[in-house]
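Use these hints to put chain D with the ligands onto chain Z, whose structure you have.
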Amino acid sequence: MMWFNFAKAQSFMPTQGTEIAKQVDNLYGFLLITSFIACVLVIGGMIYFVLKYKRKSDNDKTAYISHNTALEFLWSFIPLVIFLAVFAWGWYIYHGMRTMPKDALEINVLGKQWAWEIEYKNGFKAVNEVVVPVNTDVKLLLTSQDVIHSFFVPSFRIKQDAVPGRYTALWFRAEKLGEFHVFCAEYCGTSHSGMIGKLRVVTREEFDKYMEEGQEEGQLPIAKRGEKLFALKACASCHSVDSPAVKVGPSLFQVFGHEVVLEDGSKVTADENYIRESILQPNAKVVKGFPHGVMPTFQGQINENELNALVEYVKSLK
Amino acid sequence: MGHSSSAHGENYINCEKGLWSWLTTVDHKRIGLMYMITVMFFFFVGGVMALLLRLELFAPNTVQGVGQVLKNGDVYNQVLTYHGAIMVFMVIVPGIPAILGNFFLPIHLGAKDVAFPKINLASWYCFMFGAALAIATFFTHKIDTGWTFYTPYSIRTGTSTVLMVLGAFVMGMSSVLTGLNFIVTVHKLRAPGMTMHRMPLFVWALYSTAILQMLATPVLAITLLLLAAEKLFGVGIFDPALGGDPVLFQHFFWFYSHPAVYIMILPAMGVVSELIAAFSRKVIFGYTAIAYSSLGIAAVSFFVWGHHMFVSGQSATAGIIFSFITMLVGVPTAIKMFNWVATIYKGSVSFDSPMLFALGFLFLFAIGGVTGIMLAVLPIDVHFHDTYFVVAHFHYVMVGGTLMALMGGFYYWFPKMFGKMFSETLARLSFVFIFIGFNVTFFPQFILGAMGMPRRYFDYIPNYEALNKISTVGSWLILTGFLIGLYAIVQGIRKGEKAPMNPWGAKTLEWQTSSPPPHFNFDVEPVVTAGPYEYR
Ligand code: HEM
Ligand SMILES: [Cu+2]
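Order-wise, the sequence lines are chains Z and D.
First residue of the first sequence? That's 1 in the numbering used here, and the numbers climb one at a time after it.
First residue of the second sequence? That's 319 in the numbering used here, and the numbers climb one at a time after it.
Excised from the complex, chain D in its bound form:
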């Protein structure tokens, strides 16, 4: 250290004080923390809903007892819808880019801030406003459409679809603004010597994600507006009773939502690349392959949406083409997995908690990936579609993948963000509970799906009881894991030891400034002379 301002202990947290200074800040780091608090809050709400759903499914409705916490099918469907919509639109999609991306993308590039700091703040307000609209539905007519808003159900149900959809629309706007900011920042604000090929893979991943956010989100926006127009003014677009086509909605929706699954996973892949390299102290294997496969995935992901619609009534030919293209996106995903494992080879591996989460990611994402391929095989999907198999698949990739990476990244950068260390023991304990609990909860759901249990079921036939029970018990393990994690975080922030500049011995730029960083990130603008993983 020994630089001017940070030597006096001044950093981005203490340079200004008071709530107002946070609400009006344009510092990307503070905005990242604001996102962190909001996303954690939504995660808590969505999580409570998930626990309720699992409790209800503890036993079929003919059996009295714990399995009867929700009054009737309507209540179950509402809880299910809020759980899905909150977790997707308010946790998994914004999670990594808005928290870790906001905080570290500029620092990774050696920049002082993002290209448009005020727009960055605006995007947070946009997000909050959208979230408020969505949550307002909770106090009017709770929605019950599922997070996919399929027509004509969403048009006919007497619930506040329009308000919810507007909320999702506004949150989408926030996602577009963040994407825009990241793209311009990457192109315009790299420090001297920071060529594109010296950027950390996390930045590459955010860059590809940003492109997806900018191109795909408007499609969702238009779709949702059409839905609102139909519901408010009776314009016939999706409802056959008005001369519309309900399957058209599914095309529009998945045209956004498939790229969106990559909006959810690419940033996680970026985080994992950083973690594996840092905790193996080794140059990443196949930097170029990983960087460009992100872009490749982003491009191809626009052409596979139909794999969500194999039994929707779309033509058999369309189904065959979509199945084929989906196989092609599978390849770059597989390549990344091999690259990470190869990076560990001949490294110097430590088992610090962030690395545990990264290894957990590899484990769970492998399972999520192979089951994705199964679902892409036409006749297999005919059986599995809309069963618990799909539910298990997407939880393996979204929770086992994205959330694991978010947690790992969070612990990895925690010392930098707060200038404190957390309790390593607690963090590991939290990992163990989450990892085991996750598998106990979701693995049985693959089997349930194979046995034919459809998803979004308030009740089920007795054959499915045993596996559902196991799954519910697993959800309590996950809960325990997250509670321990929360405690580790709060305790770390309050009384953790002071963190050194570079606790893990990593090579990217954020570790060359003080912990926490000064207001403008670096006291002296860094000059970059080598790649991000030069462990020699």
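So that you can see chain Z by itself, here it is in the shape it has in the complex:
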């Protein structure tokens, strides 16, 4: 299949992280070449004819050719053969994509507005970061908690919708170490374009270490636990923490201990209680310039311990 590389499919495509990605690119290269030839024939033919048969005078005589059965048969038959060939080739690759390997490492992925929640078999949870070992079959079991999302890894040429109320799945076998983008490809509202995760391919040893560390999380310092929660509850998808840049909601950078202007013009100082209230009843005090009702309430969804950790974390954003 070397000659398809002429099409330089990869130069416009992201890195090929898997074997399937290479197969897809070969087929894409073939499609690019045949499409290019087809366009040159049709568009080139058109341009050639219009120039050659340009009107010379208003009384030009034109040929009267109503049809030509042989020609028409040919230009129906040849496209049909090409279309069926690429269909079959596509089917072959698709079959590989859709046949789930046995004994794959299974990871659960939950899409929610606007983050990916990852859960490993040992109960370790992470957000917006999938860590997988290299050269291992991995199967992602997808679902969604609210609306439809779509898990898309351009470098692996795979995509699958995460649908609420059912499981869907995809698999891959990463061959390259490194970090790859995960996009949400199904429109899901306000922060659809911010729902970006990463897929980190590491060595087997690093993966095992990562799993172990995950389990020791309970012993972390309190602000560190808050930081994890901040990611886990997807606060990070709407609030920036390391600069005053506004995402969906106000930045939390250097908020603690400072004055905040509310929508009615009044001012409050951001103390522990203010932060607590903002988490539990986000609409009680809305910062000037931000719409009501965008932030979901976390009342009843996090316990006191977690709340402490979050408040501690916000305090640490100096």
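No wet-lab data here; the hints were simulated from the structure.
Note that this is a predicted model, so its numbers are computed, not measured.
It cannot be assumed that every hint is accurate.
What the hints assert, rightly or not - Under the rule of at most 25 Å between Cα atoms (straight-line distance), these lysine-lysine pairs were calculated in the BS3-like manner:
| # | chain 1 | residue 1 | chain 2 | residue 2 |
| --- | --- | --- | --- | --- |
| 1 | D | K825 | Z | K52 |
| 2 | D | K664 | Z | K52 |
| 3 | Z | K285 | D | K506 |
| 4 | Z | K102 | Z | K125 |
| 5 | Z | K224 | Z | K315 |
| 6 | Z | K315 | Z | K247 |
| 7 | D | K738 | D | K787 |
| 8 | D | K430 | Z | K54 |
| 9 | Z | K288 | Z | K267 |
| 10 | Z | K247 | D | K389 |
| 11 | Z | K247 | D | K787 |
| 12 | Z | K56 | D | K664 |
| 13 | Z | K102 | Z | K121 |
| 14 | D | K389 | Z | K267 |
| 15 | D | K506 | D | K825 |
| 16 | Z | K61 | D | K664 |
| 17 | D | K389 | Z | K288 |
| 18 | Z | K247 | Z | K267 |
| 19 | Z | K285 | Z | K315 |
| 20 | Z | K61 | D | K825 |
| 21 | Z | K121 | Z | K209 |
| 22 | Z | K228 | Z | K288 |
| 23 | Z | K247 | Z | K198 |
| 24 | D | K506 | D | K430 |
| 25 | Z | K288 | D | K460 |
| 26 | Z | K102 | Z | K176 |
| 27 | Z | K247 | D | K430 |
| 28 | Z | K209 | Z | K198 |
| 29 | Z | K139 | Z | K125 |
| 30 | D | K787 | Z | K54 |
| 31 | Z | K139 | Z | K52 |
| 32 | D | K825 | Z | K56 |
Here is chain D with the ligands on its own, set in the frame of chain Z:
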């Protein structure tokens, strides 16, 4: 000329005067013009939205400057939704049939009017009412679902989905009425000697479209009503939280919307057949093949909807079948392309502006077509689905195809519709800007899609910046092109030279009556003795 009434300068425009005479008219020509004005208005609104979207995408949100015209993701999503819904339901779908079809289908057949002139007027009011409902959402809670209304998002979002969906429902009704009118007109009102096989290909295309409109639109209507019922009364149909199935909505939606893409393109193909024949002064190559392939496409297009759902969770087997059938619809589309090119062969080709638009159509539709085939190949679509590649594909076919044909047809029939000539120089200049601008805007989007940029994105990673910038600059070129075109049209209507009966030397019936035509189209009912493209 020299006939009775038109000799006295009486025509459909000046035979009655005043706004009221227009609002109550049942003349298909006047109704066509009324559609023209409304569609142009919606095109303007949708176009402004498009420019805003492109401005916002000029730079990623981390960069200050022009790229930050829209306040936040919600506003972006609203603008995106109105842009899509307006352009699809109020511009591209009604465009050619309601403007050019209304005006020329009866004349092409040698008839005095459509079969049901009052229903024809009713369909315009229906359209306006639906559009008003849809636009009313703009003043309540602006909708943000995207033009596809996917569930459960459309059910959960706090915006006026129901009102919007009712608007689309009512506009669908108008589309059904127009379809009905056209079908009956074709069967019942052909002039003596006008056999089915002597009808211009434009009429054949409208006829196939009408069948699609009548069969497919009710499915959309039912789907939208179910959606409204679910949202208003909590009936569990599509939302899993209520025990429904969100993917079912996608099946219903595309069962309409794939045939609908042919509702959008078949009339354009009809226009292009007329233009190529007229400006090559040559009989169309493969009349029968083109006429019947329209019908064939119409029939098969009902069985390919699943190609929009390859990664939705539908079964792999379903995906394979849909991919296969999509390949089959590709063939008649390819055949038409070859037929048009073959028609130019040994013709006498002029480069009048309508022909430029027709050639532009062939150029852009070729690219739209081959990328459609790519998208129909399963694993390729897995990567491209919901990326900018798809966005580029459908703009190549809907703008590069349908809109180019609409513009070409409009300039072609302008002398007949208004009895005036437009400035050829301006029209060509407009074409050049639109054509170049279009490619500058949308070609980079193929590459963006290949690189993995998903669609409906308010913001993007820095890798995508350069191509997005180029694309935005292209949108300004398109804007310039349309402004020039608008000026050419207004100036032509106001002070254009008087148009002769047949400025292009074409053979179809509309060119055998005066410009503009009299109230009943022909002073004497024409008797047809030959096909529509007898250039010998
Ligand atoms: C050779 C003919 C064509 C083929 C094989 C084809 C194939 C496809 C495929 C497979 C998709 C799905 C891509 C995806 O969502 O991942 C698609 C999308 C689309 N096509 Fe085509 N297409 C063709 C012509 C047309 C024409 C003539 C039109 C309309 C004038 C059209 C309008 C659209 C639209 C609007 C979408 C995207 C809808 C959306 O997701 O918002 N296509 N096409
Ligand atoms: Cu389709």
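Against the structure, the hints come out as follows:
1. Taking the CA atoms of K825 of chain D and K52 of chain Z, the gap is near 23 Å; set against the 25 Å cutoff, the hint holds.
2. The suggested pairing of K664 of chain D with K52 of chain Z holds, with an alpha-carbon distance near 8 Å, which does not exceed 25 Å.
3. This hinted pair does not check out: K285 of chain Z and K506 of chain D have alpha carbons roughly 69 Å apart, beyond 25 Å.
4. Of the supplied pair hints, the one linking K102 of chain Z and K125 of chain Z holds, its CA atoms being roughly 24 Å apart against a limit of 25 Å.
5. With a C-alpha separation of about 12 Å, the suggested pair K224 of chain Z and K315 of chain Z falls inside the 25 Å cut-off, and the hint holds.
6. Between K315 of chain Z and K247 of chain Z the CA atoms are separated by roughly 19 Å; this keeps the pair inside 25 Å, and the hint holds.
7. Annotation: proposed proximity of K738 of chain D to K787 of chain D is violated, straight-line Cα distance about 40 Å (limit 25 Å).
8. With a CA separation close to 37 Å, the supplied pair K430 of chain D and K54 of chain Z exceeds the 25 Å bound.
9. Distance check on the hinted pair: K288 of chain Z and K267 of chain Z sit about 10 Å apart at the alpha-carbon level, within 25 Å; holds.
10. As the CA atoms of K247 of chain Z and K389 of chain D are separated by approximately 11 Å, the hinted pair is consistent with the 25 Å bound.
11. Among the hinted pairs, K247 of chain Z with K787 of chain D is consistent with the structure: their alpha-carbon atoms are about 22 Å apart, no more than 25 Å.
12. Between K56 of chain Z and K664 of chain D the alpha-carbon distance is near 12 Å, which keeps this suggested pair within the 25 Å criterion.
13. At roughly 16 Å between alpha-carbon atoms, K102 of chain Z and K121 of chain Z fall within 25 Å of each other, so this suggested pair holds.
14. Simply put, K389 of chain D and K267 of chain Z have alpha-carbon atoms about 24 Å apart, close enough for the 25 Å limit, and the pair holds.
15. About 23 Å separates the Cα atoms of K506 of chain D and K825 of chain D, which keeps this hinted pair within 25 Å; it holds.
16. At roughly 9 Å between alpha-carbon atoms, K61 of chain Z and K664 of chain D fall within 25 Å of each other, so this suggested pair holds.
17. Distance check on the hinted pair: K389 of chain D and K288 of chain Z sit about 14 Å apart at the alpha-carbon level, within 25 Å; holds.
18. For the given pair, K247 of chain Z sits about 22 Å from K267 of chain Z by alpha-carbon distance, which is consistent with the 25 Å threshold.
19. Between K285 of chain Z and K315 of chain Z the CA atoms are separated by roughly 19 Å; this keeps the pair inside 25 Å, and the hint holds.
20. At roughly 15 Å between alpha-carbon atoms, K61 of chain Z and K825 of chain D fall within 25 Å of each other, so this suggested pair holds.
21. Using a Cα cut-off of 25 Å, the hinted pair K121 of chain Z and K209 of chain Z holds, with the two alpha carbons roughly 15 Å apart.
22. Restraint check: the Cα-Cα separation between K228 of chain Z and K288 of chain Z comes to about 28 Å, which exceeds 25 Å; the hinted pair is violated.
23. Taking the CA atoms of K247 of chain Z and K198 of chain Z, the gap is near 19 Å; set against the 25 Å cutoff, the hint holds.
24. Taking the CA atoms of K506 of chain D and K430 of chain D, the gap is about 12 Å. The hint holds against a cut of 25 Å.
25. At roughly 22 Å between alpha-carbon atoms, K288 of chain Z and K460 of chain D fall within 25 Å of each other, so this suggested pair holds.
26. Distance restraint check for K102 of chain Z and K176 of chain Z: the Cα-Cα separation of roughly 22 Å lies within the 25 Å cut-off, and the hinted pair is therefore satisfied.
27. About 61 Å separates the Cα atoms of K247 of chain Z and K430 of chain D, which puts this hinted pair outside 25 Å; it is violated.
28. For the given pair, K209 of chain Z sits about 19 Å from K198 of chain Z by alpha-carbon distance, which is consistent with the 25 Å threshold.
29. Of the pairs offered as hints, the one joining K139 of chain Z and K125 of chain Z holds, with about 16 Å between alpha carbons and a cut-off of 25 Å not exceeded.
30. For the suggested pair K787 of chain D and K54 of chain Z, the alpha carbons sit about 38 Å apart, so the restraint of at most 25 Å is broken.
31. In summary, the hint linking K139 of chain Z to K52 of chain Z is not supported, as the alpha carbons are separated by about 59 Å, beyond the 25 Å threshold.
32. For a cut-off of 25 Å, the pair hint linking K825 of chain D to K56 of chain Z stands: about 20 Å separates their Cα positions.
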